[in-house]
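> The residues making up each chain are set out below.
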Amino acid sequence: MTEETGRYPLRLEGDGVPMVRFQKVTKRYGPLVVLDELDLDVAPGEMVTIIGPSGSGKTTVLRMLMTLETIDGGVIYVDGEPLTHMVRNQGLVPANSAHTRRMRSKIGMCFQHFNLFPHMTALGNCMEGPVQVLKLSRKEAEERSMELLEMVGMADKRDEHPSRLSGGQQQRVAIARALAMRPRIMLFDEVTSALDPEVISEVTSVIRRLVSTHNLTMLMVTHQMGFAREISDRVCFFFNGSIEEQGPPAELFEAPGRERTRQFLNAVLEAN
Amino acid sequence: MAYLDFLQTHGDRLIDGTVVTVFQFFLATAVAVSVALLFGLMRLSQNLAIRSVAVGYIEIFRGTSLLVQLFWIFFVLPLFGINLDKFLAGFLAVGLNMGAYGAELVRGAILAVPRGQWEAAVALNMPRSRRMWRIVLPQAFLIMLPPWGNLVIEILKGTALVALISVTDLMFEVRQINIATFKAVEAFGTAILVYYAMARLFVTPCMRALERAMARKTGKA
Ligand SMILES: Nc1ncnc2c1ncn2[C@@H]1O[C@H](COP(=O)(O)OP(=O)(O)OP(=O)(O)O)[C@@H](O)[C@H]1O
Ligand SMILES: [Mg+2]
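Chains as they are written, first to last, in the working numbering: chain A, 1 to 272; chain B, 1 to 221.
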């Protein structure tokens with residue numbers, strides 16, 4: 001591994017260090033190559049949206065960044081430091097769990113199916129990380145959590161269990177839960193896909209507010225082209241495990257340069 | 001009312017036996033729950049050696065009969081210098097045996113907790129042990145309560161075997177009464193009634209109540 005990773009810097013330095021860098025990242029499931037030497041930089045504070053056909057590797061990108069998947073090639077850097085690797089004897093070796101945990105504290109994620117803890121209330125879900133991981137006192141954790149539940153408009157449901165909340169409400173609690181860890185990077189994987197159409201705006205308006213008020217770096221996978229266009233600094237179109245085309249939303253949506261992008265956008269437009 | 005006379009004459013012995021059975025039952029259940037949790041978790045360890053120990057334990061205790069295990073613990077272990085009091089040997093054998101079945105229930109319930117729960121816990125940066133104790137086990141507990149209801153009744157029934165190493169439980173007492181009086185119908189009939197009552201009027205309602213309480217606590221009801 002050290003041999004192979006010799007050509008990767010031990011850390012990123014100088015001006016304009018990206019908050020996230022995928023450098024020649026490869027991911028395979030058996031013979032299936034899901035990400036093929038992917039290069040992707042995300043600047044601090046940038047909102048990048050990933051679009052693309054089903055199976056193109058969008059979720060995989062987020063899951064690898066969240067360290068939910070192992071890496072088969074390349075290096076991911078977060079905030080200038082390797083995430084998937086660590087420095088040993090002037091080389092990069094696969095990260096151990098202590099390194100992974102330290103780096104992971106900078107990243108939060110929201111899932112398509114919310115994944116709230118069913119045995120805890122909305123407030124309990126939000127306090128779990130701050131109390132168990134950040135070791136805040138219960139009082140501090142509760143204050144922090146209530147502030148966030150307030151922000152996502154769920155303060156009045158603090159004592160409800162997830163089974164008694166609608167999808168839109170659950171997703172808002174999930175966003176508050178992730179933010180309670182004060183991550184620097186937030187990942188959103190199709191957070192509105194499992195929602196009824198009429199509650200989608202509950203969630204998108206929370207994300208919109210995050211973009212305008214927090215200095216978070218965000219990576220979002222979505223099938224909602226209108227939302228992507230309105231909110232993103234940059235849109236990446238994925239095809240077969242690599243970026244086929246990327247650019248500012250106005251450009252990519254108005255004047256896609258690639259045939260595949262055009263086809264995909266047309267297909268999505270027709271479906272709506 | 002010949003049966004009332006029977007109860008009057010042998011009531012003390014029957015009650016003493018029942019008390020011993022109740023103690024054997026509770027202690028065996030405590031052993032079974034601990035053993036099930038321990039070996040169920042070991043069975044899921046990433047470490048091959050730990051996992052193998054658990055697999056071996058579960059295989060041996062599920063693959064041979066409880067009676068043979070009881071005799072081993074009481075009659076064979078002393079030959080290796082381990083002398084256990086018969087009362088201890090009794091509930092230990094039942095608990096160790098039933099715990100092996102329980103371990104599989106624990107394992108199955110943990111695996112039945114949706115993967116997204118583990119992943120959400122990783123996203124909160126919880127260390128592995130916290131993920132298990134705080135997030136997965138509470139949900140697994142709810143999943144495995146109904147099958148545990150059956151297993152606990154098996155434990156109760158299993159304790160009847162300890163009479164064979166002369167623990168003076170209910171079964172032991174009714175056998176003694178039968179030998180002394182030849183009133184087999186009354187003696188063993190009483191045993192059936194008492195075991196059935198304990199199972200259906202005590203254990204099952206308790207487990208149901210526990211299920212309901214847990215469901216309420218976890219927002220399921
Ligand atoms: N655990 C896994 N084992 C095997 N193959 C997998 C696994 N996870 C994902 N894949 C495959 O990897 C490819 C990329 O999956 P990914 O989930 O990243 O796609 P996606 O772009 O998010 O698609 P969608 O829009 O449907 O969510 C798919 O072909 C998928 O079948
Ligand atoms: Mg996906």
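Errors might be hidden in some of the hints.
Here are the simulated lysine-lysine pairs, BS3-like style, with alpha carbons at most 25 Å apart [as the list claims (entries may be wrong)]:
(1) K139(A) <-> K106(A)
(2) K157(A) <-> K139(A)
(3) K217(B) <-> K157(A)
(4) K139(A) <-> K86(B)
(5) K106(A) <-> K24(A)
(6) K106(A) <-> K135(A)
If you anchor each label on the Cβ, the simulated ranges turn out as follows [unchecked claim]:
(7) P114(B) <-> N89(A): 54 to 62 Å
(8) R28(A) <-> K157(B): 34 to 42 Å
(9) F23(B) <-> D72(A): 52 to 60 Å
(10) P31(A) <-> K217(B): 28 to 36 Å
(11) S52(B) <-> L134(A): 36 to 44 Å
(12) K135(A) <-> L37(B): 23 to 31 Å
(13) S166(A) <-> W133(B): 24 to 32 Å
(14) K217(B) <-> S97(A): 51 to 59 Å
(15) L37(B) <-> A98(A): 21 to 29 Å
(16) G81(B) <-> A98(A): 41 to 49 Å
(17) F23(B) <-> K135(A): 40 to 48 Å
(18) R212(B) <-> R182(A): 55 to 63 Å
(19) G81(B) <-> P31(A): 51 to 59 Å
(20) L210(B) <-> G91(A): 48 to 56 Å
It should be emphasised that the hints constitute simulated quantities derived from the structure, not laboratory data. All figures in this text were calculated on a predicted structure; none of them were measured in a lab. We treat Cβ as the ideally placed atom computed from N, Cα and C, and that holds for glycine.
> Hints first: check each against the structure and report whether it holds.
Now for the hints, and whether the structure bears them out:
Between K139(A) and K106(A) the alpha-carbon distance is near 23 Å, which keeps this suggested pair within the 25 Å criterion. Only pairs whose Cα atoms come within 25 Å are accepted, and K157(A) paired with K139(A) is accepted, the gap being roughly 18 Å. With a CA separation close to 16 Å, the supplied pair K217(B) and K157(A) stays within the 25 Å bound. The straight-line distance between the Cα atoms of K139(A) and K86(B) is roughly 52 Å, outside the 25 Å bound, and the hint therefore fails.
Restraint check: the Cα-Cα separation between K106(A) and K24(A) comes to about 22 Å, which is no more than 25 Å; the hinted pair holds. Pair hint K106(A) plus K135(A) holds up; C-alpha atoms about 16 Å apart against a cutoff of 25 Å. With their beta carbons about 41 Å apart, P114(B) and N89(A) fall outside the hinted range of 54 to 62 Å. The hinted window of 34 to 42 Å between R28(A) and K157(B) is violated, with their beta carbons roughly 52 Å apart.
The supplied range of 52 to 60 Å is met by F23(B) and D72(A), whose beta-carbon atoms lie about 58 Å from each other. Between P31(A) and K217(B), the C-beta spacing of about 46 Å breaks the proposed range 28 to 36 Å. Checked against the hint of 36 to 44 Å, the pair S52(B) and L134(A) passes, with Cβ atoms roughly 37 Å apart. In this structure the supplied range 23 to 31 Å holds for K135(A) paired with L37(B), their Cβ-Cβ distance being about 26 Å.
Remark: the range hint 24 to 32 Å for S166(A) to W133(B) is upheld by a beta-carbon distance near 30 Å. Look at K217(B) against S97(A): about 32 Å separates their beta carbons, and that is not inside 51 to 59 Å. For the pair L37(B) and A98(A), the beta carbons lie near 28 Å from each other, so the given range of 21 to 29 Å is met. Separation of G81(B) from A98(A) is about 45 Å and conforms to the stated range, judged on CB atoms against 41 to 49 Å.
Here the CB-CB span from F23(B) to K135(A) is close to 43 Å, well matched to the stated 40 to 48 Å. At about 39 Å, the beta-carbon gap between R212(B) and R182(A) misses the expected band of 55 to 63 Å. Hint check: G81(B) to P31(A), Cβ distance near 57 Å, so the stated range 51 to 59 Å holds. A C-beta distance of roughly 55 Å is found between L210(B) and G91(A), which places it inside the suggested range of 48 to 56 Å.
The structure does not agree with the numbered hints 4, 7, 8, 10, 14 and 18 stated previously, though it agrees with the rest.
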